Amino acid sequence: MLCIAALSHADRQPGSLSTIKTSPTTGNIEVIHRLHNHDAEQGVIAVHGDRSLTLDKLEGRARLALYVEERFIVASVTDDGIGAPLALELVGAELDGDYILVYQEYNGELPTRIAVQNGILRDVFPEQVNHVNISTGAEVRSLTFRNDDKWLSTDLK
Amino acid sequence: MRFQSIFLVVALLTADFAFADAIRQTKSDHYDAFRQLDVDLPTPNVYRTASGAPGTQYWQQQADHKIKVTLHEENQSISASQTIDYKNNSPDTLRYIWVQLDQNRFADGSRARMTQTASDDILGYGALARAQRNADVDHGFKIESVTDGRGRDLKYTIVDTMMRIDLPQALRSGQSTTFSIAWSFNIIEESVIGGRGGYDHFPESDTYIYFLAQWFPKLAAYTDYNGWKHQQFLGAGEFTQEFGDYEVEITVPADHIVSATGELQNESAVLTSEQRRRLDESRSSDKPMFIVTPEEAIENEKEGTTDTKTWVFKADNVRDFAWASSRKFIWDAMIHRQEGGEFDEVLAMSFYPQEAEPLWSQFSTHSVVHTLEVYSRFSFPYPYPTAQSVNAWEGGGMEYPMITFNGRRPEPFEADENDPDAASKPDRTYSRRAKHGLVGVIIHEIGHIYFPMTVNTDERQWTWMDEGINSFLQYLAELEWEENFHNHRENYSILEHIAEYMTSENQVPIMTQSDSILQFGANSYTKPAASLVVLRETVLGRELFDFAFREYAQRWRFKRPTPSDLFRTLEDASGIDLDWFWRGWYYSTDHVDVAITGMREYKVSSSDPDVEFDLNRQERAREIPETLGQIRNREEGRVTRLERFPELADFYNENDEYTVTNADRNKYTSLIEGLEDWERAALQRAVAEDDYVYFIDFSNIGGLVSPLPLLLTDVDGDEEFMMIPAEIWRRNHRAVSKMLIRDKKIVSIEVDPRRETADADFSNNHFPGRVDQSRLELFKEDDESRDMMADMLRTLREAKGGEDDTDEAVPLEPAQN
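Protein chains in written order, with my numbering: chain A, 2 to 158; chain B, 2 to 818.
One chain only, chain A, in its complex shape (with noise of 0.2 Å):
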């Protein structure tokens, strides 16, 4: 079966990887989604029900980002339970190799408890998981969607 990769098997189990951390320049969370971009263009195709929104168009790709936007929620956690979801503001997606990159940033520190809803792709690929690393620094945590998963959270120190 295939591939690291542009190159998409129809029982590649299809997954994403997120990252979360601090920009040590400017001091903003930034956002990094790593998607392969095969998946990434069925996910648009299948979403819009367009054959031809592929990423090689700026379309597409913006269209990919509005989506990743959609389906990617950021939020404190207290005692009172899931707070507000952090403005994230979508910075925009751009081709890398195989994988697609879309950013999304925000002017704000990390909250100490966070909870996290990525249902990037799976409303399209059953099979896919999403992977989320939150660095804070000296140490990355992570979160894992798969199945049901809706909101996963950590403690940061």
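Check the hints yourself; a few may be wrong.
To be verified - Keeping only pairs whose Cα atoms sit at most 30 Å apart, straight-line, the calculated DSS-like set for lysine-lysine is:
(1) B:426 - A:58
(2) B:230 - B:69
(3) B:288 - B:436
(4) A:151 - B:801
(5) B:436 - A:58
(6) B:560 - B:230
(7) A:58 - B:801
(8) B:781 - A:58
(9) A:22 - B:781
(10) A:158 - B:28
Said to hold, decoys possible - With the C-beta cut set under 8 Å, the calculated list includes, among others, these residues of chain A facing chain B:
(11) 25
(12) 27
(13) 47
(14) 102
Just so you know, these hints were derived from the structure itself, not from any lab. Given the structure is predicted, the values throughout are model-derived calculations rather than measurements. The beta carbon of each residue, even a glycine, is placed where N, CA and C say it ideally should be.
Take the given structure of chain A and dock chain B to it, following the hints.
Just chain B now, kept in the frame of chain A:
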């Protein structure tokens, strides 16, 4: 009743694989990153040696299949009868035989279907269509009979995707048995159901491509390390296979072209004389030649027929058999010549519909031959007479002996409405990404004919053994296809993407059984592929690696290696201890992150107070600036009391702490006299050469020990590259210091300047420190990309306010009771 969404907050547990040693240390957290793997690997035996080679009594079973199959195009089904000759080469007596029924994965009530899970109360259109198709069509094998060589019924029991056949008489070591199975099934529509084979329907022309895989009852593997391999087929973990000879008669509509594992045996019965002439010509052609042209294929698909033809194929020593059939096929072929293998000439062929043009005729068969050239150099000459690439679907790929199913088709060309030449523009066009995608997928799938179709690893147990190794070779072959392959910016490397994944908290090691892997792509494809790139380019070097890897491939071609056979062979043939490498990359979830935490500069001291004290005085003056108040007083012209009353001067005004005393000189004399002659000579030489001495501190933050490629830049701007082997970490895998003597002052040092170790964080790789911009910051700096994207996002957001075309889910509302 309305269901409320339940918000679940789950804290994840983590496991520390880094310390999962057989013998745990209790007095400290001592961890020996270089401890030998002997106790962790299986004990060598007569089947598998300690050097990683097949043992003196290595064995494997032989399962020969003869199949007569008919494609029923009227209802998309096939039916067949087959005979299996099974030879028991194991030392064991077998009372029953297991047969794989892979199609049962799609059947009602299968484990694969019953264990599918839902997400977020969303019903996608794809899931809905799949459910409807499963309700309409009965999938899975219908077994009509299982009989012995004399036609007597054999008792059999179906267990999901496996079938146990009870033998009337036990099959002893060295004995053979023959039995027959008659069966049929409805073929799945691949784009609806999802699988590795099926049919692809083209609604515009109401035409079909059939591509059959996992399509016949096939002997399960019986192994020395695991007995019968009957883990059920759930979809992800692929196949564990047995070698055998195949003879397959495929009856299809008379206007179909058939591509299959093996060699066509009856050209004259199924091809026109013109097609046979072209096929003969292609056997000496260095470029792809049409056997069926695009024009002929377009004509051919316009009509159907009720006549049939039977195509006969033979394939020796293969672990599987697949085929494809369609009246849509364009067919081209060229020859690949090689030396030293079973076949001096290999016929490379491609089969594709007009919808795949113009991409396929230009790139497919060339990609096949390119793969054979590169892979053969790294392993062994291609071991079969044909190598085929079939365009079976839109995207993706799948591999079988001598035949592969590959995706990628061009997109419809959208001509500008105002273009006066619009009529003359092509119907279809393709992007650079589609081209590279096609070449890449064909390299990957044809590459699989080497691994695991010839080096017969156990895919259901260890996905990485074929996918990781094959992705590694695919990467090498892509680099040789054209420069900057897959490249949308400079310096694209397979190592870049895996480093981020490897920092994750909740990964599993590469050495994890296939169905339990969390992130399949990263863990089974990219991470092992990246590890082999590091091993080849950085740890061993190309010469040692290429020799050792070829040795592995040749030792295990047409045999069944396990991970320990690979680990042991690469070490055995390279002569380099690699246990630390396997431990770190394959058994742990550590990542590579080396930091330079400090650098101190020294000069060798002569210890002669008459020389050194003055130098010390100068250095102190450099290091500690004069007090600001004192400077400003002098600038103001303020006169000190001492200047006004010189009689206040004494010994201390004329001498400072760096004034040389007799005691200092006596101490120096006794030091020099106390040295051995060789020590004195070394000191004098170092003083004369006036070298700089550096102590550089490295910290292993990621935990995975790594060689240290270093770039030193001296005060003149000259650069020096050096490679420190990973063994520098052997006594302390957390922190080490390295001493370097250089004749020129070093002004900066960088670890991994060529980005070859999979280091996850380059912000700590420099001394003095340096802050690199993130990808996001670089993207924002590119004004044009950023502005165009911003405009497009704004436009789409505004449009969305009006017409909503992003409704991806089937609209659901709560059921009314």
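| query | Against which earlier hints does the structure fall short, listed by number upward? | reply | none
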